[in-house]
Amino acid sequence: MNTNKNSYTLIYAIVMVVVVALLLALVSSGLKDIQTNNVKLDKKKQILSSLNIELDGQDANSLYEKHIVKELVLNNKGEVISEKMGDAFVIDVIKENAKVEADRQLPLYVAEVDGQTKYIITMRGAGLWGPIWGYIALNDDKNTVFGTYFSHASETPGLGAEIATPKFQKEFAGKHILNDARDFVSIAVMKPGQIAEGQDYVDGISGGTITSKGVEAMLLKSIGQYEAYLKN
Amino acid sequence: MSKLFSEKTKQVFLGPLSKNNPITVQVLGICSALAVTAKLEPALVMGLSVTIIVAFANVIISLLRNTIPNRIRIIVQLVVVAALVTIVSEVLKAFAYDVSVQLSVYIGLIITNCILMGRLEAFAMGNKPWESFVDGLGNGFGYAWILVVVAFFRELLGSGTLLGMRVIPQAVYDAGYVNNGLMILPPMALVLVACIIWVHRARNKELQEK
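Line order of the protein sequences matches chains P and X. Under the working numbering, think of the first position of the first sequence as 10, with each following residue one higher. Under the working numbering, think of the first position of the second sequence as 27, with each following residue one higher.
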């Protein structure tokens, strides 16, 4: 068979593309349900991580049901739009951030750990190479940090990627997001050894300055949207 | 068995591990050797993923080799690799979500790995499926062991850990030892690869250029 003819080449290319497209479509649609469930489960795990709950070998679904007592949807004036369970969970923060501030729906998870109420805020920002995101849990004074969770899409391993380690995340516990005059100032992420005036701060990551600053900007912007709710 | 492991097949498998190593001799796949070797764990996973994908892509291309039109053969190879990588990443997302999150960017990087295209073009296009499969395994392992060696030294000297576990005791730090931050940065991977090439050529005189 002459495999160098134009018609053969053309038909070969078309058949190949159709077969591969079909195959990929089949795989993708066949696995979609399992994947969406994984994504949901992973989100629950991330939220629970910010509450410093040990997840190893545990069923995240039942832990989530046990600890998360309320899921609220807020607007930026601090008013509760919806209290129905599930409404807040499906909010896509990326889409909300694209809207003007007054239209945004803000998810807030209310949790109970050892009889104490905690408020969990969803955060999203930019690192050096791609998006970073996380959850921050506040004590019932809506000021003191109880725990945090950070993750990233593609920060440099060993440098910026260290924000996903417990060592970095634990630094935030006990810090305050309001200053003494109860103004919202967020928490600064400083180069190790430097200090921030007028607000609480944690040590950033050596060699991961841009990612560290990305975390700082994310804290300021994301928590800032909840300011009205947190202050009353 | 004798047919499966003939002298030639053995050579095809063992060659890439040393005398014909994809990284140290052919200098292919350097890009990913820089990117994923700051820590040992991603290096291991990357080595394993590349091995699996290069082996199977080799088999598929070898099966198709007599039908592929010469003028679009690179495109066909690319489509096969990209389709394989996409399927692997989808399956991981469904059945090993944690692993797929950790790998995130690396899986996509496999498509651009020069070793894959190199092996498909140089070997699978002209050899039978079984030999191609063995060739893929050999090159994958040849690639993986270099990555692991580089990552071992970079993680040990750069972070003082191995696979995330602390191996340099606190007492050493108290005595004034500090981690070498330079090790975590990509240029050190090049220097380490160069050191491996140096040792390798010193031991295999026939590889030295005149």
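Quick caveat, the hints were computed from the structure, so don't treat them as lab data. Each hint should be verified, as a subset may be incorrect.
Quick list of in silico lysine-lysine cross-link-like pairs, DSSO-like style, CA-CA up to 27 Å [as the list claims (entries may be wrong)]:
(1) X:Lys119 to P:Lys54
(2) P:Lys14 to X:Lys154
(3) P:Lys41 to P:Lys151
(4) X:Lys119 to P:Lys41
(5) P:Lys53 to X:Lys119
(6) P:Lys49 to P:Lys179
(7) P:Lys52 to X:Lys119
(8) P:Lys49 to X:Lys119
(9) P:Lys52 to P:Lys200
Going through the hints against the structure:
no., hint, result
1, X:Lys119 to P:Lys54, "holds, 16 Å"
2, P:Lys14 to X:Lys154, "holds, 25 Å"
3, P:Lys41 to P:Lys151, "violated, 38 Å"
4, X:Lys119 to P:Lys41, "holds, 9 Å"
5, P:Lys53 to X:Lys119, "holds, 16 Å"
6, P:Lys49 to P:Lys179, "holds, 25 Å"
7, P:Lys52 to X:Lys119, "holds, 14 Å"
8, P:Lys49 to X:Lys119, "holds, 12 Å"
9, P:Lys52 to P:Lys200, "violated, 30 Å"
When each numbered hint is compared with the structure, violations occur for hints 3, 9.
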